[in-house]
Amino acid sequence: MKRKDALTVGEIIDEYLQDRNMEDRLLERRALELWPKIVGYVVNRNTVERRVDNGVLSVRVTSAVIRSELQMSRSSLIEGLNRALGKEVIREIRFI
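Residue 0 is where the sequence shown starts when you use numbering that gives the first Met the number 0, and the numbers rise one by one after that.
Heads up, some of the hints might be wrong.
Beta-carbon label-pair distances, calculated as ranges [claimed, not checked]:
hint : residue 1 : residue 2 : range
1    : Glu87     : Asn43     : 30 to 40 angstroms
2    : Ser67     : Tyr40     : 10 to 20 angstroms
3    : Asp4      : Val41     : 45 to 55 angstroms
4    : Gln17     : Thr61     : 12 to 22 angstroms
Note that these hints are calculated values from the structure, not bench results.
Just so it is clear, CB atoms sit at the ideal spot from N, CA and C, and this is done for glycine as well.
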């Protein structure tokens, strides 16, 4: 099927990523980059390891007090990350 309208480079890249199911993986990576901005300096300083796998963000927390605060804020953190990403990418956060 031929296209009649020209596509921008961004549209071509988006289409390529969607065809290969890479978009969600890139957004998961972006969530890790956004973490410090979402939680702030003090909390970020106490999270030493972060990873995302299939929509589950796992965060290693060095302070029991901060871990407790993060657990109580879990829903708002998920909402904030997904809002910043523009799509529901993070389904769950596990604090370890």
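Do the hints match the structure? See the list:
Look at Glu87 against Asn43: about 23 angstroms separates their beta carbons, and that is not inside 30 to 40 angstroms. For Ser67 paired with Tyr40, a C-beta distance near 19 angstroms keeps the hint of 10 to 20 angstroms intact. A hinted range of 45 to 55 angstroms holds for the C-beta pair Asp4 and Val41, which are about 49 angstroms apart. In this structure the hint that Gln17 and Thr61 lie 12 to 22 angstroms apart at CB is violated, the actual value being about 38 angstroms.
Of the hints listed earlier, those the structure fails to meet are numbers 1 and 4, in rising order.
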